[in-house]
Amino acid sequence: MSKALLYDATLCIGCKQCESACAQQNKLPYDDKVAAESVQSEHKYTVVLTKDDKFMRRLCMHCEHPACASACPVGAFHKTKEGPVVYDVWKCIGCRYCMVACAFAQPKYEWQSLNPRVRKCIMCPDRVLAGKPTACAEICPTGATKFGEREDLIKEAQDRIRQNPSNYLPRIYGLNEVGGTSVFILSSANVEEFGYPASAKIGDTPMPEYTGRVMSKIPDFIPVWSLVLGGIYWISHRREEVAAAEAEEKNGSAR
Amino acid sequence: MKIKLTFWKIVFMVIMGLGLYSAFIRYFYGLGAVSNMTDQFPWGLWIGFDCLCGVMLAAGGFCVIGAVYLFNVQRLHSVVRPAVLTAFLGYLLFIVGLLFDLGRPWYIWHQLIYMNPHSVMFEVGMCVMAYTTVLFFEFLPNVLERFNLKTPIRWIKKIYAVLVVLGILLSTLHQSSLGSLYLIMPSKLHPFWYTPALPFLFFGSAIAVGLAMTIFESTQSAKAFGRHLELPVLVELGGALLVALWVNALLRFEDYFHRDMLGQIIKPSYEAYFLWLELTLAFVIPITMLSFKKVRLSPNGLYLASIISLLGFITNRLNVSLTGFETYVGHHYVPKWTEFSVTLMIIASGFALFGLAVKYLPIFPEENHRAERRPRTEIRPVAATAVLGHAGD
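Order-wise, the sequence lines are chains W and S.
For the first sequence, the positions run 1129 to 1383 when the working numbering is used.
For the second sequence, the positions run 73 to 465 when the working numbering is used.
Just so you know, not all the hints are guaranteed correct.
Below, simulated EDC-like cross-link-like pairs (lysine to aspartate or glutamate); rule was C-alpha separation at most 20 Å, straight line [as the list claims (entries may be wrong)]:
hint, chain 1, residue 1, chain 2, residue 2
1, W, Lys1274, W, Glu1369
2, W, Lys1329, S, Glu398
3, W, Lys1207, W, Asp1254
4, S, Lys408, W, Glu1238
5, W, Lys1179, W, Glu1320
6, S, Lys431, S, Asp111
7, W, Lys1209, W, Glu1192
8, W, Lys1182, W, Glu1321
9, S, Lys365, S, Glu308
10, W, Lys1144, W, Asp1180
11, S, Lys229, W, Glu1369
12, W, Lys1155, W, Glu1165
13, W, Lys1260, W, Glu1238
14, S, Lys230, W, Glu1368
15, W, Lys1274, W, Glu1284
16, W, Lys1144, W, Asp1181
17, W, Lys1329, S, Glu217
18, W, Lys1260, W, Asp1332
19, S, Lys339, S, Glu326
20, S, Lys431, S, Glu343
21, W, Lys1155, W, Glu1321
22, W, Lys1329, S, Glu289
23, S, Lys229, W, Glu1165
24, S, Lys230, W, Glu1277
It is worth saying that the hints were derived from the structure and are not from the lab.
Whole structure, please, built from the sequences with the hints as guidance.
The following block contains the structure:
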């Protein structure tokens, strides 16, 4: 049901057609200058990096349990059942907690704008809904970026490693990281060399769980703590009332 | 009325002028033009200082209210009003700070209609709104008394128990949730500061800061407004501060001990220097000072110890929000001068508003009676310089 992308770095030839297709799809300017930029930004949602003779693509991982969606106070991000993690600019108040929360540092900001938006790859949700592959996958001449059913792509990635073990590092980046993503990476080089966070560092626990552990206790905490505080208030003031009543009684009996 | 220019008045006006210029840049040229925040450093000085430290420094309100109304420690009654005033101003200025920092502040009301209960930021937002409302009602009697409106004061007195409980409940949630904000980034925040105990540490330090801040503002008002100092109150607060500092220090030690970090925090490194600075200012110096009875009984000793511990906890918040990310990001973040000037403008307005409130409202009631006995001319310059006298402190 849920869709995903499989990026096989060993098939990538670094032609950057995914970059230009992405820019076109999202109505962003793309020329030689933008093509030469090797960082993602508010006008470049995906980038193909080169190191020695190896290539690596970076884009939003579309986590199964996205930190951005959990962090956003107004719910401007959400994971669609088709797979893409999408952004509703109308809701956004610009707190940028999504940017701080994302383990892959994907959300970028329109710092120069007077009404800034958060920008990131949204996995062409309109195309995906219409049953079409993402713009980057459609244009890729070598099939390095492949669009498909999440389960199918996992199987395919496993098969590729099994059939050609010398070609790949024995892992699918994105399969378990932060509880799984919708973008999988196969490569012969360590993805960490291209700026991806190390698997050991981000772990397999979905990021929202770290805050969820605290947030889930709040509905219980509020009534309990209110009762405790109210109880303390009552006791400490009750003592006063009793003292006052006793004093009055004494005065009364004395009279 | 002739306005006399004093040194501090000029400093205040320069700060306000530069701040307004930066505000103009912020709203007409955008966040990129006014700040050194980037995609790598999306949260800068305004979150680190104006928000995290601002809320922490406003903790005196709930600490003192809790002591006086919840635990019925009537001896501290005289510091309730200044503490509530500080808290109320603190939260108002925190909201002003947010209006600078939010990219789309004109949509801030979305918080009320698009709610995401999983978000810590949502909890922070709701608590700020609710607690500022509570503080408004806790502060309102000052204004009502000034205009001699007795009926509404009676109404507020009737619901005061609810306000007290609600205020402390919201403060507990809110102070701790500022720490919880950082729980979602275990891979980014340096392990010196990332710990599952963050919400507890933030709440614990808020109490210590609340006490230190109350000592600081009482002494500071005494100096600026020529008020007489209530030493027994300060001594009591100083004792409580010493206990709070010990508890906090113990929490920090336990945290590092259980995470096997003790070996790492004593090894010199960029982060370690900042951690040492934080721990020295927040704990080592003030605890040592306050352990001496002589210091605990002297107004100057208490004043100094509280200021040093405040600086320590401010360092802590800045470490959590800024220093702790530098290794992950791979470069340093130094705020632009315009960021500093907005922060300074907010602090200066806080001092000025505090001065104005003290001048026109019965914040220190017993002083007003005394003042009336004195000739008017004598009190004017004191109050007037006091209003602006704090501007640059």
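Outcome of the hint check:
no. : hint                  : verdict
1   : W:Lys1274 - W:Glu1369 : violated, 76 Å
2   : W:Lys1329 - S:Glu398  : holds, 16 Å
3   : W:Lys1207 - W:Asp1254 : holds, 14 Å
4   : S:Lys408 - W:Glu1238  : holds, 18 Å
5   : W:Lys1179 - W:Glu1320 : holds, 12 Å
6   : S:Lys431 - S:Asp111   : violated, 45 Å
7   : W:Lys1209 - W:Glu1192 : holds, 10 Å
8   : W:Lys1182 - W:Glu1321 : holds, 11 Å
9   : S:Lys365 - S:Glu308   : holds, 12 Å
10  : W:Lys1144 - W:Asp1180 : holds, 16 Å
11  : S:Lys229 - W:Glu1369  : holds, 16 Å
12  : W:Lys1155 - W:Glu1165 : holds, 18 Å
13  : W:Lys1260 - W:Glu1238 : violated, 29 Å
14  : S:Lys230 - W:Glu1368  : holds, 17 Å
15  : W:Lys1274 - W:Glu1284 : holds, 10 Å
16  : W:Lys1144 - W:Asp1181 : holds, 15 Å
17  : W:Lys1329 - S:Glu217  : violated, 58 Å
18  : W:Lys1260 - W:Asp1332 : violated, 30 Å
19  : S:Lys339 - S:Glu326   : holds, 18 Å
20  : S:Lys431 - S:Glu343   : violated, 44 Å
21  : W:Lys1155 - W:Glu1321 : violated, 30 Å
22  : W:Lys1329 - S:Glu289  : violated, 44 Å
23  : S:Lys229 - W:Glu1165  : violated, 64 Å
24  : S:Lys230 - W:Glu1277  : violated, 63 Å
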